[in-house]
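**Student:** Sequence:
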Amino acid sequence: MTKKAPQKAKRPCLVNSCKEYAANQGYCDNHQDKIKKKDRERGTAHQRGYDAQWAKARDAFLDEHPLCVECHKTRYINPATVVDHIIPHKGDKVLFWDKSNWQPLCETHHNIKTATEDRGSWSPVQTKTKANKDSTNNFKVNDRLLVVTEYAQESLMCDDKAVFTVIEVHDKTVFVQDHEGNGGRLHHSHFKVVPA
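Just so we're aligned, residue -15 is where the sequence shown starts under my numbering, counting upward by one.
No wet-lab data here; the hints were simulated from the structure.
Heads up, some of the hints might be wrong.
Per label pair, the in silico range of CB-to-CB distance [to be verified]:
(1) A41 - N14: 38 to 44 Å
(2) E48 - D144: 33 to 39 Å
(3) S119 - I96: 23 to 29 Å
(4) E134 - K(-12): 40 to 46 Å
(5) Q161 - R42: 26 to 32 Å
(6) N121 - Y5: 44 to 50 Å
(7) I151 - P179: 18 to 24 Å
(8) Q9 - I61: 33 to 39 Å
Okay, derived cross-link-like pairs now, SDA-like style, lysine to any residue, Cα gap no bigger than 25 Å in a straight line [claimed, not checked]:
(9) K57 - T133
(10) K77 - W38
(11) K176 - E152
(12) K176 - G165
(13) K74 - D35
(14) K83 - T58
(15) K57 - N166
(16) K(-6) - T100
(17) K40 - W81
(18) K40 - F80
(19) K57 - K124
(20) K145 - F159
(21) K77 - V53
(22) K57 - D144
(23) K145 - Q161
(24) K83 - V67
(25) K145 - S119
(26) K77 - V67
Quantities reported herein were computed from a predicted structural model and do not represent experimental measurements.
Beta carbons are placed, not taken as given, at the ideal position from N, Cα and C, and that holds for glycine.
Please build the complete structure, drawing on both the sequences and the hints.
**Tutor:** As structure tokens, this is what we get:
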């Protein structure tokens, strides 16, 4: 009697009301049209702004910022391979090219961030927990801040009661740390000043 290799467990179709098992990219045979629709809505990489001009700007940014900021927070030295948009641009060209909205990440941390904030898909509509990219950064070094978005709470691994101190202020971003030295750089509108 020969032993068979274990098989992967079948996954249910991503369509909530469907009782079938997924065959390709998360959908059953009856719902394969959902994949094409999702791809059409997303557009090509070029349509989303990732063209030769972006490749040149990305390479220059990674030359200036060669290490993953998330790995650095945990005291690891790991090369950055991706320029991430701190606030997803969702097709907004101004936000796409705003360098204060860029951060260097390794592929692993970029994939984690993308899966967390977008649930793995690109959509031209922002969710309510995203930062307000149009607001003005009025924070100063040493301001004490609270986190106001779910994304920032996940990124900083904290709750809405955690207090952070502003260490650095940039055009649209702030670098914050808590009393234990944990923190990160995020768009300023993820925060509010601690009430007096």
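**Student:** Take the C-alpha atoms of K83 and T58, compute the straight-line distance between them, and say whether it is at most 25 Å.
**Tutor:** holds (24 Å)
**Student:** Okay, E48 versus D144 on CB: inside 33 to 39 Å?
**Tutor:** Since the Cβ atoms of E48 and D144 sit about 34 Å apart, the hinted range of 33 to 39 Å holds.
**Student:** Do the Cβ positions of N121 and Y5 conform to the proposed distance bound of 44 to 50 Å?
**Tutor:** Holds, at about 49 Å.
**Student:** CA of K57 to CA of T133, is that 25 Å or under?
**Tutor:** holds (20 Å)
**Student:** Would the hint linking K57 and N166 be met if the CA-CA limit is 25 Å?
**Tutor:** holds (7 Å)
**Student:** If you draw a straight line from the CA of K77 to the CA of V53, is it 25 Å or shorter?
**Tutor:** Holds: K77 and V53 sit about 24 Å apart, inside 25 Å.
**Student:** When you check the alpha-carbon spacing of K77 and V67, does it fall within 25 Å?
**Tutor:** holds (15 Å)
**Student:** With the threshold set at 25 Å, check whether the alpha-carbon distance from K176 to G165 stays at or below it.
**Tutor:** holds (19 Å)
**Student:** Hint check: K145 vs F159, CA-CA at most 25 Å. Holds or violated?
**Tutor:** Distance of about 18 Å is within 25 Å: holds.
**Student:** So the hint says 26 to 32 Å: do the beta-carbon atoms of Q161 and R42 match that?
**Tutor:** holds (28 Å)
**Student:** Can you confirm whether the C-alpha distance between K145 and Q161 stays at or below 25 Å?
**Tutor:** The given pair, whose Cα atoms are some 14 Å apart, holds under the 25 Å limit.
**Student:** Would you mind confirming whether the straight-line C-alpha gap from K176 to E152 stays at or under 25 Å?
**Tutor:** holds (15 Å)
Every hint, counting from the list given before, is met by this structure.
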